[in-house]
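Asker: Below, each chain spelled out in residue letters.
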Amino acid sequence: MIVLGLMVLAVAFGPAIIRWTTGFTADSIPSDGDLIKSFPPSWQHPMGTDEAGRDMLARVLQGGRISLMVGIISTLVSLVIGVSYGAIAGYMGGRIDNLMMRIVDIIYSIPYILLVVVLLSVFGGQNTPEWIQWLSARFGGAGNQGLNQIFLLFFALGLISWLTMARVVRGQILSLKNQEFVQAARATGVSTFGIIFRHLVPNALGPVIVYATLTIPSVMLSEAFLSFLGLGVQAPYASWGSLASDGIKNIGIFPWQMIFPGVTMALTLFSLNFVGDGLRDALDPQTRKF
Amino acid sequence: MTRVSFVQFRSILAIVVLSSFLISCSTRASSRYFGQTQVPSDNIMRYTTGSEPESLDPQFVTGQPEARIMMAIYDGLVEYHPKTMEPIPAIAESWELNKDGTEYIFHLRKNAKFSNGDPISAETFAYSFRRGLSPELASRNANLAYYIKYAEAYNADKSFVKNPDGTFLHKAELEDKKDAPAAPETAAHETVGIDTEFHKYLDEPERLTVPSDEKERNKILDKDAKLKTALAGKELVPVKATDIGVEAIDEDNDPKTPSYTFRIKLYQPAPFFLGLLAHQFFRVVHQPSIEKFGKDWTKPANIVTSGAFKVKTHRPYDELTVTKDPNYWDAANVRLDGIEFYPLDEQTTMLNLYKAGRIDATYNHTIPAPWNETVRQYKDEYSLHPEVAVEYYSLSVKKPPMDKINVRKALALAIDRDALAKFRKTIKPLVDFTPEGIFPKYEEARRKVYAEELAKIGSNLDEWKARKFDAEKARKLMTEAGFPVQQTGSGYSCPTFPVDAVTITYNTAESNQKVAEFVQAQWKQNLGITVPLKNMEFKTFLPFRSAVEYSGAVRNGWVGDYMDPFTFLNLFYSPQNDGATGWWDPKYDQMLDDANKETDEMKRYEILARAEYYVISQQIVIPLGVPGTSWVKKPYIKGMYPNPGTLHPWKFVYIERDQNKWNVSMDDIMTTEDPAVEAQLKTLTATQTEAAEKAKMAEQTAAAPREAAKTAKAE
Amino acid sequence: MLSFIIRRLLIIIPMALLVITVTWGLIRLAPGTFYSTEKKLPPAVEANIKKKYGLDQPVWKQYLLMLGNITCRTKSADETTTSGVQFAIGSVNVKCFDFGDSLKYPDRSVNQIIRDHLPYSATIGILAYILALVVGLGAGIIAALKQNSAFDYGSMTFAMLGLSVPNFVLGPILVSIFSLTLYLFPPARFGGVSSLVLPVITLAAIYMAYIARLTRAGMLEVMRSDYIRTARAKGLNEKTVLLKHGLRGGIIPVVSYTGPALAALLAGTVVVERVFAIPGLGTMFIQSILNRDEPLTLGIVAFLSIMIMVFNLIVDISYGFLDPRIRYE
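Protein chains in written order, with the numbering used here: chain D, 1 to 290; chain C, 1 to 715; chain P, 1 to 329.
Keep in mind that the hints were calculated from the coordinates and are not lab data.
Quick caveat, the model's predicted, so the values are computed rather than measured.
Among the clues, some could well be false.
[Said to hold, decoys possible] One side of the interface only, derived from the structure: several residues of chain D facing chain C at Cβ under 10 Å:
#1 D97
#2 E180
#3 L229
#4 P236
[Unchecked claim] Not the full set, but computed from the structure, chain C residues with beta-carbon under 10 Å of chain P:
#5 Q36
#6 P40
#7 P65
#8 E216
#9 P271
#10 W558
#11 E693
[As the list claims (entries may be wrong)] Derived DEER-like restraints, expressed as beta-carbon distance ranges:
#12 P58/P / T167/C: 38 to 44 Å
#13 P119/P / G437/C: 45 to 51 Å
#14 K61/P / T192/D: 23 to 29 Å
#15 L65/P / V80/D: 38 to 44 Å
#16 I17/D / L55/P: 54 to 60 Å
#17 S51/C / P58/P: 31 to 37 Å
#18 D42/C / L65/P: 47 to 53 Å
#19 P119/P / K597/C: 41 to 47 Å
#20 E510/C / I13/P: 26 to 32 Å
#21 P205/C / W60/P: 28 to 34 Å
#22 G437/C / W60/P: 31 to 37 Å
The C-beta atom is built at its ideal place from N, Cα and C for all residues, glycine as well.
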């Protein structure tokens, strides 16, 4: 929890502090040709530099912004959509369940990359419809293509991350819905909505939260892949996922390029996981103290 | 919870640190060679080619990975020289060119055979050329052969126009008289071979061709009233495969026996055409098996090949093995027993295999920049030689602010190319458009022409060279263009420059990204403008670039198709050019046309250099660098040279078992003579050298060119 | 139950067609063509290509032709293709399930490509699945039973490590250690049992971790539920309680998760295939999309979607066996 808090603070204010103290930013390539290479960690660059001579610390902190945001927001989206969708399908059963789950199957089967390529060409390029531009101008402020991109990214990630979540939740609900406490609730006249969200969902939370914490790393990695297609964080900035995937290629030569983003990412995921465990304990109806 | 997390953190840290320690220990350069270096027990080379070949049909495939495989299994009229990539004799043992440079006569070897034993003759070549151009094959390389007379007309499904009297309408008849050539073409033509009926037809002035498809034709006719009246009521005769300018000359007038003289007729002189003939598109394919098996002819069970090696097995995406073909005419000089091609394009995977001693050589650009410093220490294995290729940024010259020439010049000057070369490690700085270190004679002509042109504007070559980087001048030009650059603190700012209107767009690839980041940083430091970057998936990128949808700068590059500067200068030729800038100038086209009509080599180069000066002084593109070969091979692989296209004629390659004879330094490999390869080359080129000398002597003794040809043929 | 299965199997056909139609539309919407390359094509060459592949026909005709090819249509006499299933009804020749030739690799039919490459990904996928299931379930169950023990923390740390280290990082690390330092296993390429070790471990790692954590959570949930308490109260021994009652309920989330996961594993995973240069279906799939190789994309999508739907059906059926309270009407 503490680590997570520190991490959030670090990525929020870190880049500015580094800039103020050392003058390095995530995108500053030295003008001297001899300095454009990867230096090992030193006092000046605590995490070393990358091939272009950029300070790794600044890059890692900058990258954390996008990665944390992507990880947490997409997971929340998948929680909200996935849990309600799966719960409704599982509880309603019959035709509704069948229809809803077939929709999930279909979305799952459509090639995702192709979808992103088309999305990008329709929304990301010059041909962006006006209402999207209007939206991004409203909420983006800066008025460049950057924010448009971030909206698209969340859309693209949110599109798939809830699918498996829905299946997991539905499976749990199916096994829970015939239990005594549900029948009891039904008998006392609790509304369907109430049964689903007040009685069933809290009881299915264990696996749901585990699955949610598992979603975060996979979403961060999908983000690294999406930047290959031109969606996501634009160079010269990089996310943790892309820093790690760039770094791994050079692990034999410049291990610091891999280790620092890798360890930062692993630490964060670890702490997120403990937060998840804590949340489950707090929300679990069977251990909850009334 | 706190205690647990501490234990867990400690264990994760321990594992990461341990593994990185292991890895860093393992990669330190300790021995003379990179990884395991043991001569393979068999005489088979293992090579990685890049991505899986699209097909084994030489006339269909387009990429470089394919080209290398096709060179092993197909042979053509000529072959690339292993070092210089100049054409050397292959199935054609000698050739002649007529005086105006539009006709080639090839004298073929009589012992050339396909892998199934069938003879290779002039007829086989005629078939192969016609097949490559057929609209049904729809080859993407067909335009390489458009220099051949009526080749385009056949490929584009056009028709001749027949007059009622049986003659055909000629192109010149419709053109304005002032443009028509002063002398009728018929009289000027000379040939070096036998004059046949077919040759007489080819020697006629160029016939008019119009689209066979009615809709297409009407589109043109509607625009051109004169053409419409000329065509009215006349019969259209579709151009057939047999109408194109290739001919198997039947010397003994017996159509049943194969003939061994092959003639190619071009529309206009194209001095680079001979070099182009080594391209896989012009290599010879086996008619009976293609006709028998249809599209399945390339299956390993059916395929009949013509090269030094034949296909043994093919497991797509895994392995293609070829073995030495005993039927190959030069089999005695093929020294490998076979080659295993592994389709791989992941650089790290490839280097891992190389290091583990499981492949013997890689192809060009396979050493990632970060690895470069480590790998280049292995001097006996690492090759870095200039390529016949350029990297540049195209600019959207029709859109503001790039429509201002001073903006373009400022942007070009504000990039420190020496620093870029240091950063990327494998490219050499470039300020002109044709690569340096590839065409020495052309560069000589270029220096001369540039000195003249620069003197006109009161400049000189040294100042010209300084364009590699001049931040001061860049700021001055930018200010002159209406975007004043001010000094702010230690940096600069240029508040009026519309950075939101431009981007640097590139297709996703690590090296493209690094270059773009560097250029962005340079412009920021030297001009105070921060141009956003944008990456795109390749197939999305292509139409975006070629239709000039971008605004600002876009990543571009070109690999030469043949060893002549024209392959680069051609990029800005015609309104639909490949430069992707939106720029086109008929004056430039005229200069290139004039150059190709010139038969004197140096004079031609001078005209080309003038054209290059013309285009580069407009700065429609920003040249960045000439890429280097950057690949590795084990020292026991010999006869394999880092030529400008990394295209290896495999029959020269061999495995040296005697460690004392291994390659010592790749840096000197191009100047070191390998006796085995030199002897092989000498035997091969002897026939052509002799023929050329005979022809020269005959000319000197003032004999008619026709006579000379006959003597040469009698050889 | 039987009618439920039949109904679900039947509905797969229209669903797969729907997926194919959407995919086809997406391919047509995506910029770029299969023949576009670095070098611009002259108009005549482009026209020849369009004609050869029927791209000069109206779009609806192209769509219907595609649909006919991949389902069933009559075969005319001049067609020589041997791809797909062909048979004759009376004098009419019928041809079914023919996805045509790849556009990028014109020598090979799509059906052939899938047949060629599936075994590679399936071998590695199934091995990884078994490994993940055995290790993941085992570790998850033990961790749940010995909650808060050293084993619990140790295995869960390991599982979290497996998740925090993505496979594109894990693969190269394994290669560096086992192939390039210890020279134990080949660093890449498919061939022999030893070449399978590293890719299977790399691929299984993340699934192993998922399964271990899901099992542990599911088991913990179930072991506290009333029926387990009842079972214990009945005096059943701990082993029976665990395996007969606990596990069946506890692995439901694992089952929901591994259904689609198995389909994905069989179809190949790009990262592992690329790191180890294995010619599996995953790389083919991604490449076909990036190459705009329409027939190949459609072929793999059809195959994949049917697999996913079948596996999900199996998952749904197994729910009933695992937990008697789940019923399908």
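Asker: Hint by hint, say whether it matches the structure.
Answerer: Going through the hints against the structure:
no. : hint                        : verdict
1   : D97                         : violated (38 Å)
2   : E180                        : violated (33 Å)
3   : L229                        : holds (5 Å)
4   : P236                        : holds (4 Å)
5   : Q36                         : holds (8 Å)
6   : P40                         : violated (15 Å)
7   : P65                         : violated (13 Å)
8   : E216                        : holds (8 Å)
9   : P271                        : violated (21 Å)
10  : W558                        : holds (8 Å)
11  : E693                        : violated (38 Å)
12  : P58/P / T167/C: 38 to 44 Å  : holds (41 Å)
13  : P119/P / G437/C: 45 to 51 Å : holds (48 Å)
14  : K61/P / T192/D: 23 to 29 Å  : violated (49 Å)
15  : L65/P / V80/D: 38 to 44 Å   : holds (43 Å)
16  : I17/D / L55/P: 54 to 60 Å   : holds (57 Å)
17  : S51/C / P58/P: 31 to 37 Å   : holds (34 Å)
18  : D42/C / L65/P: 47 to 53 Å   : holds (49 Å)
19  : P119/P / K597/C: 41 to 47 Å : violated (59 Å)
20  : E510/C / I13/P: 26 to 32 Å  : violated (44 Å)
21  : P205/C / W60/P: 28 to 34 Å  : violated (47 Å)
22  : G437/C / W60/P: 31 to 37 Å  : violated (55 Å)
Comparing the model with each earlier hint shows violations of hints 1, 2, 6, 7, 9, 11, 14, 19, 20, 21, 22; every other hint is respected.
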